[in-house]
Amino acid sequence: MELVCPAGNLPALKAAVDNGADAVYMGFRDDTNARHFAGLNFNHNKAELGIDYAHDRGARVFVAINTFPQPSGWKRWQAAVDSAADLGVDVLIVADIGVMDYARERWPDLTLHLSVQGSATTHEAIRFYSEAFGIRRAVLPRVLSMKQVEQVINESPVEIEVFGFGSLCVMVEGRCLLSSYVTGRSPNTFGACSPGSHVRWEETPTALESRLNGVLIDRYERDEPAGYPTLCKGRFQVGGHTFYALEEPTSLNTLPILPELKRMGVAAIKVEGRQRSPAYVAKVTRVLRAAIDACNLDPDGFTPDAAWLKELETVSEGVQTTLGALHRPWQ
Amino acid sequence: MAIMPIKRPRLALGPLSYFWTEEQLLEFYQQIAGSPVDIVYLGETICSKRRSLDSDQWLTLGRTLQEAGKEVVLSTLTLIEAGSELGALHRLCQSDEFLIEANDLAAVQLLKGKSFVAGPATNIYNQRTLSFLTKMGMRRWVPSVELGHEPLVDLQENRPEGVETELLVWGRLPLAYSARCYTARAHNLPKDDCQLRCLDYPDGMLLSTREEKPFLTINGIQTQSALTQNLSHQFDNLCQLGVDVLRISPQSRGTLKVIDLFDDLRNQRITVEEVAAWVAKLAPLGSCDGYWHGEAGMEKHLEQIEGASS
Numbered sequence: 001m002e003l004v005c006p007a008g009n010l011p012a013l014k015a016a017v018d019n020g021a022d023a024v025y026m027g028f029r030d031d032t033n034a035r036h037f038a039g040l041n042f043n044h045n046k047a048e049l050g051i052d053y054a055h056d057r058g059a060r061v062f063v064a065i066n067t068f069p070q071p072s073g074w075k076r077w078q079a080a081v082d083s084a085a086d087l088g089v090d091v092l093i094v095a096d097i098g099v100m101d102y103a104r105e106r107w108p109d110l111t112l113h114l115s116v117q118g119s120a121t122t123h124e125a126i127r128f129y130s131e132a133f134g135i136r137r138a139v140l141p142r143v144l145s146m147k148q149v150e151q152v153i154n155e156s157p158v159e160i161e162v163f164g165f166g167s168l169c170v171m172v173e174g175r176c177l178l179s180s181y182v183t184g185r186s187p188n189t190f191g192a193c194s195p196g197s198h199v200r201w202e203e204t205p206t207a208l209e210s211r212l213n214g215v216l217i218d219r220y221e222r223d224e225p226a227g228y229p230t231l232c233k234g235r236f237q238v239g240g241h242t243f244y245a246l247e248e249p250t251s252l253n254t255l256p257i258l259p260e261l262k263r264m265g266v267a268a269i270k271v272e273g274r275q276r277s278p279a280y281v282a283k284v285t286r287v288l289r290a291a292i293d294a295c296n297l298d299p300d301g302f303t304p305d306a307a308w309l310k311e312l313e314t315v316s317e318g319v320q321t322t323l324g325a326l327h328r329p330w331q
Numbered sequence: 001m002a003i004m005p006i007k008r009p010r011l012a013l014g015p016l017s018y019f020w021t022e023e024q025l026l027e028f029y030q031q032i033a034g035s036p037v038d039i040v041y042l043g044e045t046i047c048s049k050r051r052s053l054d055s056d057q058w059l060t061l062g063r064t065l066q067e068a069g070k071e072v073v074l075s076t077l078t079l080i081e082a083g084s085e086l087g088a089l090h091r092l093c094q095s096d097e098f099l100i101e102a103n104d105l106a107a108v109q110l111l112k113g114k115s116f117v118a119g120p121a122t123n124i125y126n127q128r129t130l131s132f133l134t135k136m137g138m139r140r141w142v143p144s145v146e147l148g149h150e151p152l153v154d155l156q157e158n159r160p161e162g163v164e165t166e167l168l169v170w171g172r173l174p175l176a177y178s179a180r181c182y183t184a185r186a187h188n189l190p191k192d193d194c195q196l197r198c199l200d201y202p203d204g205m206l207l208s209t210r211e212e213k214p215f216l217t218i219n220g221i222q223t224q225s226a227l228t229q230n231l232s233h234q235f236d237n238l239c240q241l242g243v244d245v246l247r248i249s250p251q252s253r254g255t256l257k258v259i260d261l262f263d264d265l266r267n268q269r270i271t272v273e274e275v276a277a278w279v280a281k282l283a284p285l286g287s288c289d290g291y292w293h294g295e296a297g298m299e300k301h302l303e304q305i306e307g308a309s310s
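Just so you know, the protein sequences line up as chains A and B, in that order. Residue 6 in this note's numbering sits at position 6 of the first sequence, and the numbers go up by one each step. Residue 132 in this note's numbering sits at position 132 of the second sequence, and the numbers go up by one each step.
These are computed hints drawn from the structure, not numbers from a lab. Treat the hints with caution; some may be incorrect.
[As the list claims (entries may be wrong)] With the C-beta cut set under 10 Å, the calculated list includes, among others, these residues of chain A facing chain B: (1) P69; (2) T122; (3) I153.
A quick note: this is a predicted structure, and the numbers were derived from the prediction, not measured. We treat Cβ as the ideally placed atom computed from N, Cα and C, and that holds for glycine.
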């Protein structure tokens with residue numbers, strides 16, 4: 001199983017490579033990728049440095065161009081594809097049919113992976129992208145159970161990558177417009193969810209309130225820890241009750257089921273978090289590297305080391321972890 | 001900008017997104033048969049556990065509506081996870097009796113070479129995607145609901161020959177799909193033992209903020225807006241853009257009135273101002289049109305028109 005780690009900037013890329021990532025993924029400094037955050041990502045010069053750094057140390061470099069261009073922005077996506085090809089990256093991670101069609105025509109030798117933003121949850125959807133554009137791998141949305149992941153792998157014409165650790169989208173990626181409904185900006189169109197530009201914190205006499213474009217996402221008592229107002233992770237009222245109606249702030253952690261993923265034939269484990277710090281990337285990469293190595297050596301005898309789990313818990317959103325949809329009762 | 005011939009748009013009733021009983025469904029579609037809507041989308045697009053009608057009953061209903069002069073389209077499930085769901089999709093896509101609306105790329109794959117409609121969750125945002133899918137057999141597309149007026153102008157100017165554009169002009173916005181069932185979650189039930197609670201909510205469950213402002217609608221694994229998107233005041237614009245079909249999304253109440261209003265509008269029997277006077281009544285939690293203006297979907301630009309008519 002290949003370990004694919006996030007590189008939000010050059011220091012994070014180095015941290016991933018130095019700590020054992022087989023591949024790193026990055027984006028350019030605009031809305032052509034799904035982590036379009038201020039101060040994040042790579043310009044041409046930094047990308048060149050990063051690619052050299054990774055290649056010199058035997059790691060592959062993937063570039064995510066995984067948002068959906070509208071007519072006025074088309075040229076920017078086209079330029080991003082050209083730029084990635086010129087830079088000699090190993091893989092483009094793509095989601096939009098038009099972008100794939102362009103990349104296939106202009107750069108027929110460039111390897112394409114279907115982004116999680118492509119929302120392919122079945123082998124038939126994957127077959128569409130494989131037959132139409134020759135994609136070589138698909139990243140699965142975080143909505144399938146273990147049994148369903150296995151079914152996809154058994155029938156898929158290409159290899160499968162799954163998310164192994166990091167923040168958790170509870171919605172099907174590529175099919176969630178909640179953020180643009182509230183702010184005008186979504187992962188699909190703008191490359192960001194619940195963008196910081198629209199977040200406002202307000203102190204009231206008794207509480208701290210988080211708002212996204214004016215909409216109250218959550219309210220915290222004095223002694224309650226407050227989280228970033230990702231809008232699906234707030235507390236809302238349904239049927240007279242106030243609770244995390246969509247999702248609690250938790251992180252995905254697949255460490256306990258690594259041998260199972262390996263047995264099923266998962267080709268790669270992806271770590272989420274291009275927006276996180278180089279220290280985070282270093283820590284998570286180190287733990288995942290050790291775990292995957294241990295699992296490869298002795299899958300039957302594998303149990304996650306208590307120290308690994310402890311280390312991952314210190315960097316988890318909401319300081320708790322879950323198997324997410326992979327574990328049926330979570331659904 | 002190229003001058004496009006202005007023609008009277010057709011009206012479509014989108015697929016029902018909620019879970020109703022067999023009786024509710026049959027009664028509703030019987031009324032639809034007598035309504036001025038031209039196209040009716042049938043079938044379950046949200047959850048495969050919702051089986052008030054089996055596939056044969058949907059087909060029978062389709063034939064009845066066809067006899068009443070409607071164009072019938074069968075819509076596919078949007079999020080496909082289980083093997084059984086994929087099996088059902090295979091069977092649906094093999095049928096040649098009705099046109100099919102693909103709501104997932106798996107359906108597009110299975111419909112390759114046949115005519116199909118691409119639903120709003122297929123993520124068509126640009127000309128190149130539009131052209132590619134048209135070559136595969138797409139003859140009508142429904143833009144992602146977050147696509148606004150400005151990109152649509154571009155796409156309409158350059159759209160391939162023979163493909164129609166259908167736009168959601170009235171209804172709650174379909175915003176997200178999940179592995180998790182929020183209706184079950186709101187009842188503290190696991191998804192695998194949901195007890196079909198969606199049946200109790202013919203228009204979904206309201207999710208409000210802690211300030212009690214209506215925010216979203218929970219509908220099983222789908223999340224919708226609480227507000228109703230209303231583009232009736234953009235009617236002239238839509239005609240000028242050459243939008244071929246106007247989609248109305250069904251609710252348990254008021255849908256026939258909404259259809260009548262749009263029918264009156266296209267036949268110039270009423271003005272947009274007169275329609276605006278009905279909006280508050282037909283969308284009691286409020287309306288929105290932000291996406292059309294390239295803004296947050298929940299925003300609303302209608303105050304002036306509605307104010308003028310009240």
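>> Run through the hints listed earlier and report the numbers of any the structure violates, in increasing order.
In response: As far as the earlier hints go, only 3 is violated by this structure.
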